[in-house]
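Peer 1: Spelled out from the first residue to the last, the chains are:
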Amino acid sequence: MNHLDQLEADSIDIFREAVAESERPVLLYSIGKDSSVLLHLARKAFYPSKPPFPLLHVDTTWKFREMIEFRDATAASLGLELIVHRNPDCVAAGINPFDHGSARHTDLWKTQGLRQALDEHRFDVAFGGARRDEEASRAKERVFSFRTAQHQWDPKNQRPELWRLYNTRVAPGESIRVFPLSNWTELDVWRYVERERIPVVPLYFAAVRPVVDRDGTLIMVDDDRMPLHEEPRHELIRFRTLGCYPLTGAVRSEARTVAEIVEEMRAATTSERQGRVIDHDQSGSMERKKREGYF
Amino acid sequence: MELLRFITCGSVDDGKSTLIGRLLYESKLLYADHLAALEADSRRVGTRGGELDFALLVDGLAAEREQGITIDVAYRFFATEARRFIVADTPGHEQYTRNMVTGASTADAAVLLLDARKGVLSQTRRHARIVSLLGIRHVVLAVNKLDLADYSRELFDEVSASFAEFAADLDFAEITCVPMSATEGVNVVGRSELTPWYVGPTLLQWLESVDPHTRRDAASRFLVQWVNRPDATFRGLSGRVLGGTLRRGETVGLGNRTTSVARIVTMDGDLDEAPAGSSVTVVLADDVDASRGDVLGDAQDPPRSADSFQARLVWLHENGLLPGRQYLAKIGARTVGFTATKALALNEIGVDNVHFDAPVPFETYRANRDLGSFVVLDRLSNATVGAGMIDFALRPANVRWQTLTVDKQARIARNGHRPCVVWLTGLSGAGKSTIADLVEKVLHAEGRHTFLLDGDNVRHGLNSDLGFTDADRVENIRRIAEVAALMVDAGLIVLVSFISPFRAERALARDLVGENEFCEVFVDTPLAVAEARDPKGLYRKARRGELANFTGIDSPYEPPLEPEVRLDTTTLSPQAAADAVVARLRTLGVC
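Line order of the protein sequences matches chains A and B.
Per the numbering used here, the very first residue in the first sequence carries number 138; after that it's consecutive.
Per the numbering used here, the very first residue in the second sequence carries number 455; after that it's consecutive.
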């Protein structure tokens, strides 16, 4: 077995353990490449059955339009239930990254929105596509990561995780976030996408798109809600990660295929999260957000 | 490209985190933004006077960066052209055993670091023993900080020899010693001119070449995780090959039955064979009943089951292991009741005879790490509290309970009423014995067969060897629970009047008898009220410090969460309380 076979087998094992020992699992589907790989692994884990859980997308109304199209097409073609949750308080208050700042925007739409959705459907296991190589506090998170009834993560009081024996036991109201891609790296993900021919959102591939420069970050103008005081330029760009379009930096790139992306990655000198505005808000910001229930 | 998992371990200042940072840095896996953040962090909280402090790369939690210590196992990833690596970095301070065991449980190889100037310390020996205990057979000894000893060959040879001598008793297949300076990058990735006398591999060369594979010729083992039934026409067993190679057409044993593998199904098509580590779905030739937790494998050497084992245990929780206490254990894909016989404190390692409530499929840990390991879980908090490795089974699981002709049903018919345990729990002085006495009087007058077990009285006889430590309290209640269960088998209504402060032991007592045969009565008297009553003068003694481990004063009481009866003795008279208990027994159909 090569390393992708081993990572795949481990992830499938994790999916099966979590489903066998939970009442109401759900897959947190955020439409990016990691979600695409996660969903592909879930299909493999339960084949010939369909994955025995719905997909949950916590929407912010500020995602790239191509992401939403891809999401709906994916759920429809696989015949999976898709739950889309938009925090009704944010809808009412019109929360957006321009007027309310990236930190509040993210907290209210995503963190609070996720908590609402998990509570409403009483999910006891939520699969997520987070990887330990993304960020230092994630490097220490368990594959089966316990959450209190208030959805909180206590990094100093985590359950030891040994061998392949995952502790899935929770009291009513408590839950577990399960991360089948914990031990994958960004490069593993792309190599696997290439090997398995997994569909991903076209925004990952280079194309000429309208962009503006915001504090050194290239932001794509995806719709007319973005306040502009200049004419957008058209540049050959792509994205290494996908999120809310006003908060996601593009990179100049000529990589138009997965193979070219893998080549580009091997020569890359910056990590993928660099393009994320929210991570730079303050040192240790990811750990703080995670403690509060962010995924 | 293959995957290799390894663990790094060493004492606090031996330079583990520095080494990992150096590996990432030298294999060009530090991105520019990581490096920029590292430079900023090194200036702000670094310990190397503003120079790059690689330890900050792996110490990801806020508390770790602030205190300059590593709290938890961190997993790091890097790759070379030859291999993809997963590194478990474990802390060197006092909680290291728990974290080292966690990191080592999934590792194929170990990098043991030591400071050349200090040589082989007791800490080094302890790390090596844990690595060996967890079944890692390939070890590199990184003799670090040689830059501070002028790259002395004599020192390196001396340290290497002393380690080899000690490690001769351990279960290692190979030990490679590398002279090293992690801070200067000597012999980490490239060979250094500073140690011209060293002809062995650099650390990275060793990591790229070590062959961790276990025996390929082992008997096949397949663990069933999930029964896969998309429709009436397909019934598959989804799970993982955890030993040998599973082949289509192979004859396999499952419990006492024998069948064969008809198909090995994956989304990418059927396979002819699946090597150890594969996650696949198996269709059997016959319609045998198989479910989650079963293990099937080579019919020539079929998987065995047993319920009692000699095992090595490592305790992982602040609350120590209490002998006789009922825990849960997860082994393979089964979770069953578990008890051990010897006490263990946090980070202690011991050999013990352990007992599972039901037979479980197993292999010895030495033969199969996945099917020979288990974790111990607390029944109430659900915390992972211990880890175990099976040495061997103590007796086959086929010793069956002797069936007797005169059974519980026969006694119920003779007595004209059902048996039951009425378990009164509460603080000392709550009124348990008074109420129990009144309840028994009523039942006796009605012609019921009763017996009263009183805490103080039993401590004069059966439990006269027990004191009041937590461990003794657990054993005290375990014996009482067993005695009460025997009396229920004898057809009696058993009144048990014991403080019984811990939920886990009351849960054990409940588990020992049948459904509707246990009535938990919480004699709910606030501490202040019980202390004011103080019928035996015990609270006064405890307050004066003359009685240690007194429940409510310096020993905890865990009130029942869902008792059958709760008696508020601040509002009920003893007789009214007794009447409430009898009334509840009538609704339970006992009398």
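Simulated from the structure, these hints should not be mistaken for lab results.
Misleading hints may appear alongside valid ones.
[To be verified] For each label pair, taking beta carbons as the anchor points, the in silico distance ranges come out as:
(1) B:H667 with A:E257: 41 to 51 angstroms
(2) B:P1010 with A:H258: 53 to 63 angstroms
(3) B:A1002 with A:A308: 29 to 39 angstroms
Owing to the predicted nature of the structure, the values given are computational and were not obtained by experimental measurement.
Every residue, glycine too, gets a C-beta built ideally from N, C-alpha and C.
Peer 1: Run every hint past the structure and note whether it holds.
Peer 2: Hints, one by one, checked against the model:
Distance hint check: the CB atoms of H667 of chain B and E257 of chain A are about 48 angstroms apart, consistent with the given range 41 to 51 angstroms. Range check, P1010 of chain B to H258 of chain A: Cβ separation about 37 angstroms, and the 53 to 63 angstroms hint is violated. About 33 angstroms separates the C-beta atoms of A1002 of chain B and A308 of chain A, a value consistent with the hinted range of 29 to 39 angstroms.
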